[in-house]
Structure formats: C-alpha cells, structure tokens
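A.B. asks: So you can see what is in the structure, the chains are spelled out below.
There are 2 protein chains.
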Amino acid sequence: MPTKAVSLDGQHLLAQIHALAAVGADAEAGGRTRIALTDAEKDGRDLVVQWMRELRLDVRVDRIGNIFGILQAATDEGNQRPLMIGSHIDTVRNAGALDGCYGVLAGLAIVRAYRKARAQPMRAIIIAAFTNEEGVRYQPDMMGSLVYAGGLAVDEALATIGTDGTRLGDELERIGYAGLLEPGSMVPHEYLELHIEQGPVLEAEDRLIGVVENLQGISWQKITVHGTANHAGTTPTRLRHDAGYVAAAIVAFLREQVVGAAPETTLATTGSLHLEPDVVNVIPRKATFTVDLRDPDESRLQIAEKRLADFLVEIARREGVTIETEQLVRFEPVVFDAGLADEIEASAQRLGLSHLRMTSGAGHDAQMIARIARAAMIFVPSRGGVSHNPREHTDDEQLIHGARVLLDVVQRRLAVA
Amino acid sequence: MPTKAVSLDGQHLLAQIHALAAVGADAEAGGRTRIALTDAEKDGRDLVVQWMRELRLDVRVDRIGNIFGILQAATDEGNQRPLMIGSHIDTVRNAGALDGCYGVLAGLAIVRAYRKARAQPMRAIIIAAFTNEEGVRYQPDMMGSLVYAGGLAVDEALATIGTDGTRLGDELERIGYAGLLEPGSMVPHEYLELHIEQGPVLEAEDRLIGVVENLQGISWQKITVHGTANHAGTTPTRLRHDAGYVAAAIVAFLREQVVGAAPETTLATTGSLHLEPDVVNVIPRKATFTVDLRDPDESRLQIAEKRLADFLVEIARREGVTIETEQLVRFEPVVFDAGLADEIEASAQRLGLSHLRMTSGAGHDAQMIARIARAAMIFVPSRGGVSHNPREHTDDEQLIHGARVLLDVVQRRLAVA
Chain P
1 MPTKAVSLDG
11 QHLLAQIHAL
21 AAVGADAEAG
31 GRTRIALTDA
41 EKDGRDLVVQ
51 WMRELRLDVR
61 VDRIGNIFGI
71 LQAATDEGNQ
81 RPLMIGSHID
91 TVRNAGALDG
101 CYGVLAGLAI
111 VRAYRKARAQ
121 PMRAIIIAAF
131 TNEEGVRYQP
141 DMMGSLVYAG
151 GLAVDEALAT
161 IGTDGTRLGD
171 ELERIGYAGL
181 LEPGSMVPHE
191 YLELHIEQGP
201 VLEAEDRLIG
211 VVENLQGISW
221 QKITVHGTAN
231 HAGTTPTRLR
241 HDAGYVAAAI
251 VAFLREQVVG
261 AAPETTLATT
271 GSLHLEPDVV
281 NVIPRKATFT
291 VDLRDPDESR
301 LQIAEKRLAD
311 FLVEIARREG
321 VTIETEQLVR
331 FEPVVFDAGL
341 ADEIEASAQR
351 LGLSHLRMTS
361 GAGHDAQMIA
371 RIARAAMIFV
381 PSRGGVSHNP
391 REHTDDEQLI
401 HGARVLLDVV
411 QRRLAVA
Chain V
1001 MPTKAVSLDG
1011 QHLLAQIHAL
1021 AAVGADAEAG
1031 GRTRIALTDA
1041 EKDGRDLVVQ
1051 WMRELRLDVR
1061 VDRIGNIFGI
1071 LQAATDEGNQ
1081 RPLMIGSHID
1091 TVRNAGALDG
1101 CYGVLAGLAI
1111 VRAYRKARAQ
1121 PMRAIIIAAF
1131 TNEEGVRYQP
1141 DMMGSLVYAG
1151 GLAVDEALAT
1161 IGTDGTRLGD
1171 ELERIGYAGL
1181 LEPGSMVPHE
1191 YLELHIEQGP
1201 VLEAEDRLIG
1211 VVENLQGISW
1221 QKITVHGTAN
1231 HAGTTPTRLR
1241 HDAGYVAAAI
1251 VAFLREQVVG
1261 AAPETTLATT
1271 GSLHLEPDVV
1281 NVIPRKATFT
1291 VDLRDPDESR
1301 LQIAEKRLAD
1311 FLVEIARREG
1321 VTIETEQLVR
1331 FEPVVFDAGL
1341 ADEIEASAQR
1351 LGLSHLRMTS
1361 GAGHDAQMIA
1371 RIARAAMIFV
1381 PSRGGVSHNP
1391 REHTDDEQLI
1401 HGARVLLDVV
1411 QRRLAVA
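Sequence order for the protein chains is P and V.
Those letters in the first sequence? Residues 1 to 417, per our numbering, in order.
Those letters in the second sequence? Residues 1001 to 1417, per our numbering, in order.
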C-alpha cells in the first residue's frame, strides 16, 4: 500500500479542542464543568468515542470506565506490546479547555496522521482517556490510571462514595461507561502524555517544550477539628474551643511556617474548608478542611507532613479541641524514564523548538502508568501559569508545537520497535 | 373583687418551657431549630398565642410580626403607659430550649400570677415576643425590637432578603403573622427582660441573679477576599493570590493580635466562612466570611475595628488580593436604666438570692427598647456558659428564682405607678 509522509493536521486538532471545550459549558465565566461521571462528562465521552470511531479505531472501555481507541499494528502477531498515548477528559468545576483534553485529542491527531498517510505502525497505538483524573467528586484523583496500573482494586474503586453521596460504580452504569475489559489487560510497551504545564515555568524561562523527567509527590489530608459551639458574645476568649479559629491557625501555619521555612519546592494549599453550624454569632463547633502538600523530594514532603502533624498536636492541646486527620491521597514522587525523556528532548531539538528539562508540579495519569511501563511527559507553556480556571490558555501555535513533538517521538519509537 | 396574694406558679412555667422546646425539635442532637419565619417558628408562635388567649390576653401583632399579649389595667383611662416584659421565641440552628423563650414564658407566668390572684395591675402589662432576634436567616438580628423602637423603617425591614433568597415580608405573610399594628404604637413606661446569661460569669462567681446594667457594643462585618484560582501543585507560593490563606490569616490575626492585645472585654469571632471553588487541589479564588467584634466600651470596639481594617489593607497589598468589607450590624454599647437595675438588685436581696451587677455579652431586644423606654435585664446562670447549643442548661430552681425576681420587680413598679 503506498504511504505518504506522516504529518500532523494542527487545525483539525485545534477544532476538536474547541468542540470538546463547548461540552458542559458554564452559564457564566466562560468555563466548562465536566466532573467525572456526571451527565456533562458523559457527553464529553460520547463525543471523543464518536471521533475515535470516525478514525476507525477499535474502541474498548474497561471496568473503571477508562476509554481506549486502538489503531492496530501492521504486523498483528499480538507479540508487540502497544504504544499508549493518554490523558483525561474530566474537569474540575469551571475549568479551562486544555487540562487533559489536549493530551487525548493530540493522541487522536497522531492516529489521524497515520490514517491520512495510509501508514500502519509496527506496534498498535492506543489512545487512552482515563476516568476521574481530577478527583473532584470521587477520591483519590488519577483513579482510572491508578486502577489500570494495579494500584487500586477495581471493585474498591467502584465502591467509592462521592462528595454527593453517589456510588462511583452506579454512576458509571448510569452513564453507560461500565465496560467489560479488565483494567491493566493491555500493558503498554511505552506511555507518552502531552499536557499543558499548568504552571508558570516554561513561560518564565521562555521555552516552548517541557521535557518532564520527574513528578512531585502529593499528600492530601482531610482535617476535622472538633470544638464547642457557643455564643460569640458571651464566651470569654480563654474559655473558647473555637474549631474555626483552630482551622484558620493551621492554614496560616502551613503557609507561614511549613512552606515559609522549606525550600521553594514545598507547596501547601487548603482548597476546601467548611464550618459548622456556620452562623455569624456562634463559635464553630466543627471545622473540616483539606490540606494538599507537594514536593518532588520524598524526604522533604515527609518533613512538611511531620511539621503539620506536630502543630496539630500542639494547637489541639492549647485550644482544648480534638483533631482528626484522614489521608485522602499519598503518592511518592515519580521519576520518569530517562531514555524516553532524552527522546523527547532530541525531537524538540530536531524540530528547532526551545526546551527545558523540568519537574511536573501537578499529578498526571503518566505517574500511574509509570508503574507498569516506561513513561514520560511533554509539556507546553500555560500563560500566566493559570490552570483549573477559564483563563487557562496556551497559544494555538504552541499547542501544535507540542503535538508535533509527540508525533516525532511516536514515529521514532515505532521505527525502532 | 376579692384578691389573693400574687404568687408565681413555677411548675407551670417549666411545663410551658418544655412544651415550646419540643416545637421544631431536630432529628438528632436533642436540639430544636425555629429560625425566624420558618414553618417551625410559625408553630412556636401559634403555641405562644394560644397560651396568651388562654390567659384572656388581648393579642396584637404588628407589621413586622412582633406578638403582644396585653393584660389590661384596672384603671383603663389610657393615660398610663404599659409595663412591657419581652424577649423572643425564634432560635438559631440546633438551639437550646431557653434563649429568648424563657423571658417570654416568664412574662406569661407573671400575668398568670395576676390572673390567679384576680388582681388587676394599675398599668397594663404587655408580654412581647419580638421577631427575628437571632438574625440567622435575615439580618440585622434583633430586628423586631429594632423596628419597634424606630431604629429601622418597617418597610425596609419587610424588604430584607434572607440567606435563602426569600423576602422577609413575603414569609411573614406566608406564615400569617403580618399584622396591622404600627410598630412602636404602644410605647412602654418601662421594659423588663429576663434571660439566661449565655455566658459563664454567674456560674463562675456562684451567683443566682445577674443585674444587667449595660450591654456590650456589637460590630458585624462580612469580608470578601478576591484572589486567583490556580492549580495547587504548579503555582509557586510567591506567585499565589490565595483567597483562602488570606481569610485564614485574617481570622488568626483577629484572635492572636486584635483580641490578644486588647483587654479581655474585646471578643472576636468568625462563625461563617466559605471558599470558592472549594476544591481540594484548586487555590481558592474567593473567600467570604463574617467577623463578630464586641466590647462594652465603644472606644475599645473602635480600636478593634481599626486594627482589623489596617490589617486588611496590609495583607491585601502583601498577597495581591482585593478585599471588600460590608457592615452587617453595628450597635454601640447600651447602658440600662440605673433605677431599674437598683430595683432588680433590691428584689434579689429581698428574696435572699445572691446577685451580681454585670454586663451583657449578648445582644438582646432590651437594648433596642432602651431607645424608647427605661429598660433593664435580669440574668440567670447558664451551665458552663453554653448557649446556642442543645446543651444550653439552667437548673429548674434557678429558672424559677429568676421569674420570682421578675414578678417582685413588676409588683414594685406597678405599686409605685
């Protein structure tokens, strides 16, 4: 069969990014909300599956709802493990258009390039869209890839109860994405993920391509402070057991003492916080909040966790409250495959694109798949480092640069297969 | 008409307290919730009105929903202004049984004592149950008595939009308590309010009766911090505009710097706090919270407000966020009528009950009525100082002591009328 040169159709990729971005659009604020396994996310899944079918891919869904579009290999003796390209299409609330979606749709652009050239690769190429990467409704985040890599039993994951009281397995059935494929049954030879940086480094360093060689460790805790509800006007300060003040003091301590004292690599965030009874003139009886700690170095991450734990003991004693902690997520830092990172760097070089070897600040499905296959990531710049926000932006040209690097790497890896 | 001695039926008072406490009972936690103008609060109003009718009182409701039960005077030449005894029957969420209700039902016990004795006072006695004292759903709190005293236009009050988006006037119509009487049309000669302390002072000092000679000033603000939502894992600390951290730092500052540096009389509380988008791995874009500042001394209250305001400017600059403040409530400290306080003290003495002249830490309807009439308050102990909580408790014997002091004061004031 005559083959043309395999080349990327950047405009088609951009058009699909815009089309998917319109699914689950928010009333105001110009964002979109496709939280895992909601109706809006089902619509996003349906659109991506439709596009996979248009590319004549073999579409498979596994028991945790991961979607796979498979381009079969030229020599289908089944002894060549596939090259997997993946990311996710679920979003946070009022999200940007690129986080996750870019990587999945770039994967489809790679397959499209092969189809257009009537070229068939020496290995199957699998485009993966993993379930619930964001972890907004069901925790832990990166759940689909974690289950796929064997890090969490599928039945345990299906039994997860969401923040809205729903059971993940039921919602998966409801939206029609409870597949039959056993997670992990197609072990990739190598895994590549193209993603926006979601941070300011590439922009600040004025580089086009991030060669991601490692990924920081993540520690999520839910902290509950139990104090005593009391009248705000009559209870002397010395007699208070104010769960709200204690929560605020912990959040301030994290920023001012833990992060303040640590190297710049340690990050701490409290994204969610609730008081009870949440009334202006009642001292809070209960405070519940989250702590997100990150560091690319495991020992430094443990130091931050220790300093927080010590402070909890100290303030609980001082304020006469009890404090419970629950570990929601704990991932050690991940080091990606050096050979694959070198390959990405070489491709960027070949294409004349400025590049930087860097650490991923965010968690990505690649860190899970790295447990079962050689993996690496390609980043493109995020304007202002903004992400998880409608203002998330990467220039069209930069998005195309990233996809061209991905295609170049894929061609090299398949050639040498 | 033959008259017997006027004496209090303590058991009947306790029985009515228990009966009203059962209205709007919460599923768990042993509390009750009768937030102003809800169905549960309507049920409480209906029960109190029924009891007023059983005492053959002339029941009137004014335009803001204040309920008045009037025992006519012996000499009804209408030139003798009435003695008013009042408080409220609305509650906070998951409240105790005594806050407010005790004062209204003790008033009914006074009237009952006169009825039983077939005695008619020289002045009319009005038992008042004021609308929305707690201010949970509609602000400001103490609204009914504030309107009655002319401190807030009734039409403005009726137009208040609640936390649930409802209009106060509509809810008043809905529950059937939008009366015709013009607020303030019955100006009392004197006003007495019997209430639980809601604080630990009487218990700590081992006294049975609190002679309340003044009431601290109250300043409520709603503070909104506008930051930038961003990814928790990729945004370096120095580039963050974290609305959640800023809110926490303000709450901690209030406790550690404002209250910490002030005399013990200054109190600061954050009872309500909300983050947006409220997701574990997203730096909060917005934080909204309340600040409740109190002090019996106006100048000290102003110092606390000033220190907070200065810190808001400082931290907004430091963290690159914008901060809005809205004054929800602002009442200067109130000094009650010294003669009436002396009368209360004399009655306690006469009845052989230990007593203490003190400041009210909470806001009460009495502070509003003090604008149009001589007013004073009687406190009884609150176990552990606990209030706004199902564990709010005063011993039955102490409740009866308080009502006996009230009756004694009423008899003295009416005798000298």
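Treat the hints with care, since some could be wrong.
[To be verified] If you anchor each label on the Cβ, the simulated ranges turn out as follows:
| no. | chain 1 | residue 1 | chain 2 | residue 2 | range |
| --- | --- | --- | --- | --- | --- |
| 1 | P | Glu264 | V | Arg1391 | 20 to 30 Å |
| 2 | P | Pro263 | V | Thr1224 | 29 to 39 Å |
| 3 | V | Thr1237 | P | Ala29 | 51 to 61 Å |
| 4 | V | Ala1159 | P | His12 | 48 to 58 Å |
| 5 | P | Leu47 | V | Thr1224 | 57 to 67 Å |
| 6 | V | Asp1342 | P | Ala261 | 42 to 52 Å |
| 7 | V | Ala1025 | P | Gln50 | 29 to 39 Å |
| 8 | P | Gly176 | V | Ala1153 | 29 to 39 Å |
| 9 | V | Arg1391 | P | Gly165 | 23 to 33 Å |
Calculated from the structure, these hints are not laboratory results.
Don't be surprised by glycine CBs; every beta carbon is placed ideally from N, CA and C.
A.B. asks: Would you list, in rising numerical order, the hints stated earlier that this structure does not obey?
C.D. replies: Hints 1, 3, 5, 6, 7, 8 are the ones this structure does not satisfy, whereas the remaining hints hold.
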